[in-house]
Each structure stands twice: as C-alpha cells, then as structure tokens.
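Trainee: Next come the chains, spelled out residue by residue.
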Amino acid sequence: MREPTRTVHLEVNGRPYTLTLPVRKTLADVLREDLHLTGTHVGCEQGVCGACTVWLDGEPVRSCLLLAVQADGHSVTTVEALGTVESLHPVQQAFWDNHGLQCGFCTPGILMTVVAFLRENPQPSREEIREALAGHLCRCTGYHNIVRAVEDAAHRLVSRT
Amino acid sequence: MKPPVFQYHDPTSVEEALELLADHAPEAKVLAGGQSLLPLLNLRLARPSRLVDINRLDALDYLVEDGGWLRVGARVRQRRVERDAGVRRFVPLLAEAIRYVGHPQIRNRGTVCGSLAHADPAAELPAVAVALGALMVARNRFGLREIPAEEFFTGPLSSALQPDELLVEARFPRSPTGWGWAFLEVSNRHGDYALCAVAAGVRVEADSVREARLAYAGVGPVPVRLREAELALVQEERLEEALRAVAEEARRGLHPEGDIHASSAFRRHLAAVLTVRAARLAWERARAGGHHA
Numbered sequence: 769m770r771e772p773t774r775t776v777h778l779e780v781n782g783r784p785y786t787l788t789l790p791v792r793k794t795l796a797d798v799l800r801e802d803l804h805l806t807g808t809h810v811g812c813e814q815g816v817c818g819a820c821t822v823w824l825d826g827e828p829v830r831s832c833l834l835l836a837v838q839a840d841g842h843s844v845t846t847v848e849a850l851g852t853v854e855s856l857h858p859v860q861q862a863f864w865d866n867h868g869l870q871c872g873f874c875t876p877g878i879l880m881t882v883v884a885f886l887r888e889n890p891q892p893s894r895e896e897i898r899e900a901l902a903g904h905l906c907r908c909t910g911y912h913n914i915v916r917a918v919e920d921a922a923h924r925l926v927s928r929t
Numbered sequence: 006m007k008p009p010v011f012q013y014h015d016p017t018s019v020e021e022a023l024e025l026l027a028d029h030a031p032e033a034k035v036l037a038g039g040q041s042l043l044p045l046l047n048l049r050l051a052r053p054s055r056l057v058d059i060n061r062l063d064a065l066d067y068l069v070e071d072g073g074w075l076r077v078g079a080r081v082r083q084r085r086v087e088r089d090a091g092v093r094r095f096v097p098l099l100a101e102a103i104r105y106v107g108h109p110q111i112r113n114r115g116t117v118c119g120s121l122a123h124a125d126p127a128a129e130l131p132a133v134a135v136a137l138g139a140l141m142v143a144r145n146r147f148g149l150r151e152i153p154a155e156e157f158f159t160g161p162l163s164s165a166l167q168p169d170e171l172l173v174e175a176r177f178p179r180s181p182t183g184w185g186w187a188f189l190e191v192s193n194r195h196g197d198y199a200l201c202a203v204a205a206g207v208r209v210e211a212d213s214v215r216e217a218r219l220a221y222a223g224v225g226p227v228p229v230r231l232r233e234a235e236l237a238l239v240q241e242e243r244l245e246e247a248l249r250a251v252a253e254e255a256r257r258g259l260h261p262e263g264d265i266h267a268s269s270a271f272r273r274h275l276a277a278v279l280t281v282r283a284a285r286l287a288w289e290r291a292r293a294g295g296h297h298a
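Protein chains in written order, with our numbering: chain C, 769 to 929; chain Z, 6 to 298.
Isolated chain C, as found in the complex:
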C-alpha cells in the first residue's frame, strides 16, 4: 500500500506549522523528527512510561498514543515551552534543587504532568502527588526526590502568587 499522507496545521508552543505527514506518524515522532523538538522523549511507545507526555489543548496526553493528524487544528505544548536554561520554570528549578532527576530521560514528561497537576491542585498531599506521578516510570531516582521536588515546587508556586 502506498503511504497515505495528509497536510495538517498544528500550533506547537504558540507557533503555527503546516506539515505534510504520513497519517500513521505519531505526534511524538513528528515533534522530534519534523520539528526537532527533542525535549519530548520516546520510551516505551505503548503508553506506559510517560516520557512522551505533552499537552494537547492544555491537558497532558501521551504523544506516542496520538497520531499527528489527530492534532490537526489543535494546540500542542512541549517541555521546550516551560523555561529556558537561563530561566528555569519554578517546577524545573525545584527538580534541579531537590535532585529530582538523574539521567533525565523521564523528566520532560514528568514536568509536563506536574505543571498541569499543580495548576489543578496547588496544594496536594504526598499521597496525591504519588498518584499524579503513577503514570511515569523513572528507573534512577526511586521517586523519593521527585516527590520532594513536587512538594517544593508546590510551595514555590503558591508563595509566588
């Protein structure tokens, strides 16, 4: 079968893109290969590990479980939109300060989940934080420092407002 393609319009991190893509290409692959936004990581490609989490219209989703053509007309936000190396997002700074990452592979997905989670639940309990992180696999940290980083980030965001 010839490779079916389609032209789509995506807004990624506030910038409009028009791309002609194979219909079977996942959003994760398009972000990385076509838009060179390699902050979004690809781990399991079956929706388990959470490394590829991005926002679709502001809500966290697995970009490996979304065809890029399905994002046609929608807005996508990736970890590149959170902060810069010079000026980290408060959640990124909290991860840095609390050693909430080691190899960093899982971190972009976790950041996208945590920023959205704290927006909805600004003062979560430790139990709620653990539940919010359940959709992410980290093989380095043992999660303790990630949970501490999220607690710290919550304090920073609340005291900022």
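Hints should not be assumed to be uniformly reliable.
Under the rule of at most 25 angstroms between Cα atoms (straight-line distance), these lysine to any residue pairs were calculated in the SDA-like manner [what the hints assert, rightly or not]:
1. Z:K7 x Z:Y67
2. Z:K7 x C:T806
3. Z:K7 x C:E801
4. Z:K7 x C:P892
5. Z:K7 x C:E919
6. Z:K7 x C:D840
Treat the hints as calculated values from the structure; they're not laboratory data.
For chain C, the structure is supplied; the task is to place chain Z on it using the hints.
Mentor: The following block gives chain Z in isolation, referenced to the frame of chain C:
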C-alpha cells in the same frame, strides 16, 4: 514509524462514519481515544487496513442526565466524567470507578464508550456497566439497537458489536433512592489493570440489605456478575452474617485464571476480601443516604 500502514478517515458526521464502517467492515477499525488501539498498532498486534477516527464527531460529545439515565456519547473523554459533579450524584459508582482507569494522561484522551467497546475483562468500566445494568447503544446505517451490558461482553476483547456498528452511546441508570455503591480495586500499581476489582451496590432498609448488585473485573473472560453472592447478602438479616456469607459465595462462585501477575488462588482471595470491604462500604453509604464521604 511504529504503526503499520493504514488508510485514515476522520469523518465529521455520524452518518458518514457509519457509511465508512459499512463500506469497509470488517477491515476498518474505529479509533476513539486511542489509548488501547494505538498501543496495539505500535506493537503491530493489530493491523487494520483502515481507521475511522470518530474524534471529529462533535454530535457524540454529550454527557446528559435524561429521565432516569446518564447518557454518555461516544466522544466523551473519561476525564470529563471524572470531573463532572452531576455524575457523582447521579451515578456515584461510575464516578468512583473512573479514577482507577489508567492515569490522568490516559483519561484526558480515553473515552468511556471506547473502553466499553474494547471489552477488556480486567478493565473497570465494563464491570461498572454490568453492575448497574447499563445499556449500550449501537448504531449502523440502518438504525439503532440497545444491548444490555450483560449481553454486550462476549469474551476477552470481544463484544456483541457488529463490524458495521458504532457504539454511539452508553446509558447508565440513575442510582435509585436507598442504594449505596462502592468500587474497590487491587492492582500492582495505581493505574494498572485490576488484578481484581469489585463493583458493589446495596439497597438498605432498617439496616438490612434488601437488594444487591455485585460485579467483578479481572476474574473471568468477561466482567462477572455474581447473583449467588448478591442473594447471600440479601438472605441474612444482620450485616456481619451477610458479609460472611457473601465472602463464601465469592470464593465458591469465581474461577479466575492465574497469570504472571497473580495466581488463581490469590485472585480468588482478593475477590472475597474486596467483596466484603465493598459491600460494607456500600452499606454504610446507603445508610448515609447514598452519599460518599
């Protein structure tokens, strides 16, 4: 690219979607939230030659209370049901169970009808549908039919849906006065499929159970409703005796298969323990006027 090659359609009307299914059944697969289908495509365990994406069917994006029913259209995401205060009042069992479905990132995309149509016997929503006596509304280009939940699930990942049919709506009955409900689950990690989950409902009068519903996920090829155990709850006047009897019936009546996640004996043990806990919680909630703490 991980998924195999397929033709892709994203119709904007239900009629167009049904024509596509009729023309291309059985090679065409419906793509809703994609949280089960995309992993199958990425692993190439499924190789449909055509996908009919229903995400642009705005007409199926409704969540309404209509008479005694909660009507959930095929485009409604699980997260919307989870966040809806009306659902918590109207169908508290559904509201409680939906938090066990995957993770927020999955529920932001996954649909209620998609989970039902996928018919995974370890999934939460099919067990809820069976416990409540929900109706599945299937449509093809010739018309509609309603399928009771207990007839809908026919085997692992198999349902009564025909290849040219779309599950356009799931209808959940409103919880009647006097009933209390509880959903409990044990899984290896929060968000994993259930090793065993129990959906329990009881109607309580003068502290005694008058009617009961019990349905299970993870312990059979389809969601299991256990009528003998329901009867055991009703036959004993005193709660503690009823709970002892229902645990006995759950152990006797369920025959789960073992796998790498849990042995058959462990699953049966879980079922008995969860049955008692869920029935007690449902009883407490029924006495509190059906409200969840």
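Trainee: Now tell me if each hint is right for this structure.
Mentor: Hints, verified against the model:
Restraint check for K7 of chain Z and Y67 of chain Z: the C-alpha separation of about 33 angstroms exceeds 25 angstroms, so the hint is violated. Taken as a hint, the K7 of chain Z and T806 of chain C pair is honoured in the structure, with Cα atoms around 18 angstroms apart against an allowance of 25 angstroms. For a cut-off of 25 angstroms, the pair hint linking K7 of chain Z to E801 of chain C stands: about 14 angstroms separates their Cα positions. A distance of roughly 37 angstroms separates the Cα atoms of K7 of chain Z and P892 of chain C; the hinted pair therefore is violated under the 25 angstroms criterion.
Taken as a hint, the K7 of chain Z and E919 of chain C pair is broken in the structure, with Cα atoms around 37 angstroms apart against an allowance of 25 angstroms. Simply put, K7 of chain Z and D840 of chain C have alpha-carbon atoms about 20 angstroms apart, close enough for the 25 angstroms limit, and the pair holds.
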